[in-house]
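**Q** Heads up: the protein sequence lines correspond to chains A and B, in order. When you line the first sequence up against the numbering used here, it's residues 1 to 308, in that order. When you line the second sequence up against the numbering used here, it's residues 309 to 556, in that order.
Hints in this document: simulated from the structure, not taken from any laboratory. This structure is a prediction, so every number in the text was calculated from the model and none was measured. Where is the CB? At the ideal position from N, CA and C, for every residue including glycine. Worth double-checking, as some hints may not be accurate.
Stretches of chain A that chain B covers, calculated by requiring three or more beta carbons in the stretch to come under 8 Å of a beta carbon on chain B [what the hints assert, rightly or not]:
hint	stretch
1	129–135
2	226–233
3	297–306
Pulled from the structure, derived: some chain B residues nowhere near chain A, Cβ distances all over 10 Å [what the hints assert, rightly or not]:
hint	residue
4	S335
5	D338
6	K387
7	A391
8	F394
9	D407
10	A419
11	G474
12	E506
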Amino acid sequence: MPEFDALQMQMLKEVADLHKIPEGAYNIRSNSAPAGRRSTENIEITSKTDVSGLDIRIKSGTKNESVHIPVIMTKSGLKEVVYNDFYVGEGANVLIVAGCGIDNCGGQDSEHDGVHRFFLEKNASVKYVEKHYGSGNGAGKRILNPVTEVYLDEGATMEMEMVQIKGVDDTERRTIAKLKENAKLVVRERLMTHGNQRAASFYEVDLCGDGASADVVSRAVAKDNSFQKFDAKLIGNAACKGHTECDSIIMDNGKILAVPALEANDVNAALVHEAAIGKIAGEQIVKLMTLGLTEAEAEEQIINGFLR
Amino acid sequence: MLELKGVSFAAGEGNERKEIIKNVDLSVGDGKLVVITGPNGGGKSTLAKLVAGIEKPTSGRIFFGGKDVTDVSVTDRAKSGIAFAFQQPVRFKGLNVLDLIRIAVGEKITAASACEYLSMVGLCARDYINREVNASLSGGELKRIEIATVIARKAKLSVFDEPEAGIDLWSFKNLIEVFKKMRAEIKGGSIIIISHQERILEIADEIIVIKDGEILKQGAKDEIFPTLGAREITLSCKKAENGGEQNA
């Protein structure tokens, strides 16, 4: 059983809610080296031979099992690119928890670029949770550039929860998805930037089969001098339904650019985009102040609720 | 005890500037239930906001519990024991009903304790406690949750701005029970209700009539109530009466 120091345990808690070694299959990567792995009867984790990364194969019909693959970096100056491929068999239903925590107290930049590809067979169902977290007060930046590709076969469902609340200086995330008949994609993104951080999030979702649906919702808060870009494109190539939503709060000198794009190539495609950017409504702060909170406490409650 | 002495309030700039409250003197004694009524646009809601500290008087002083609170912030007035139920409840994306009630109580009470406040306003607590306080709730539901947050504060002075507005399927009778219960539970607590409704006026100790920013009449209920005209009072409509009986 692998052992971790207090800092590593803290990072594991932040990115994967892990307080101890998880149940089920897992692979923990710490400072660019393997730090523990377990495959189960239904979930096989193997290392790639050509590049750095993992192949994760989940047998057809696997139910209610989980895979944790957290990455933690506590040394300054590391830079890595990791390729993880998930093959989810027909009818399987699993929880996949990824996430990366970088603690950088040093002067050099630390960067983790994860490329995750998901191949879901017919009627497979995955709940995917990805948390990004940065800490440490070194001058070196904490950089995360995740790429996620999702391929959903007929009737497959993927629900993605992606959260980045603190401490990541620079991030550019790209998510592409292709959906066949009756496949369903649900994305819930939560992003908060502060200081001089920059975050850009790109989505391109291809709805290729009749009955396919996508719901991509981003809630974002940009504080201080930070900048965020949300760029979501839905492409409807069949009798499908698509909805994207970017709901953002700006504070201080924060800036947000929302770039909605819808492309309908089939007369039966129904696509909707909603975007709203603004500061916290004054009446919300006043209401919480009448309940006894200070202005700062009221703001904190509103932001925490918004990003929940 | 709440006291307003010579309170005036004006809003707008230049030629647009308008006196909304004009030199108002009033006092609300401990344990009293005072209903403020009068025609729309007469300044009732502004007066309530001045008491809560959301608006600051242009001139005059406000005293609460013997202290001058004119320059005291909304937060500190709340902490000193003033609660305020908005006429138009505020919506929040993300905050749920339990969050709001916990903030109102000032501590992390259990969901079960929070449910008691919802039951008081006739909401089935189990269905609402985890609901977001957003546009998915109807106006009537939001209004009842707003009232529940004020009940939860157990404040020395509770101000309700038109609590009956938007309360559709719930009866006035239940709303009146809420006020009676509050009076019984908070010893020496005072309640100010802005309302036109006959049934609410009937439970007042005192009635104040405000028109064009000035106090037109002020006194004991038995003295003022018979003098009220159609502009100051709305008789409870048949539908509400029936609803009240059904829920009784």
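**Q** Just double-check B:S335 for me: nearest Cβ-Cβ distance to chain A has to come out over 10 Å.
**A** holds (22 Å)
**Q** Can the stretch 297–306 of chain A be counted as covered by chain B under the rule of three residues or more with Cβ-Cβ separation shorter than 8 Å?
**A** holds (count 5)
**Q** With d taken as the least Cβ-Cβ distance between B:A391 and chain A, does d exceed 10 Å?
**A** Since the minimum Cβ distance to chain A is about 7 Å, B:A391 lies within 10 Å and the statement is violated.
**Q** With 10 Å as the threshold, tell me whether B:D338 passes as away from chain A on beta-carbon distances.
**A** Given that every Cβ of chain A is farther than 10 Å from that of B:D338, nearest at about 21 Å, it holds.
**Q** With d taken as the least Cβ-Cβ distance between B:G474 and chain A, does d exceed 10 Å?
**A** At roughly 16 Å from the nearest Cβ of chain A, B:G474 sits farther out than 10 Å, so the non-interface label holds.
**Q** Hey, is B:A419 genuinely clear of chain A, shortest beta carbon separation above 10 Å?
**A** Holds: least Cβ distance 16 Å, greater than 10 Å.
**Q** Test coverage of the stretch 129–135 of chain A by chain B using CB-CB distances below 8 Å; three residues minimum.
**A** With 0 residues close enough to chain B, the hint is violated.
**Q** Using a Cβ cutoff of 8 Å, are there at least 3 residues of the stretch 226–233 of chain A near chain B, or does the coverage claim fail?
**A** n = 0 at 8 Å, threshold three: violated.
**Q** B:E506: least C-beta distance to chain A exceeds 10 Å?
**A** holds (28 Å)
**Q** Test the statement that B:D407 is away from the interface with chain A: the closest C-beta pair must be farther apart than 10 Å.
**A** For B:D407, whose nearest Cβ neighbour in chain A is about 6 Å away, the distance does not exceed 10 Å, so it is violated.
**Q** Would the non-interface assignment of B:F394 survive a Cβ cutoff of 10 Å against chain A?
**A** violated (7 Å)
**Q** Non-interface claim for B:K387: all C-beta distances to chain A beyond 10 Å?
**A** Given a closest Cβ separation of 5 Å, the condition is violated.
In this structure, the hints that do not hold are numbers 1, 2, 6, 7, 8, 9, in rising order.
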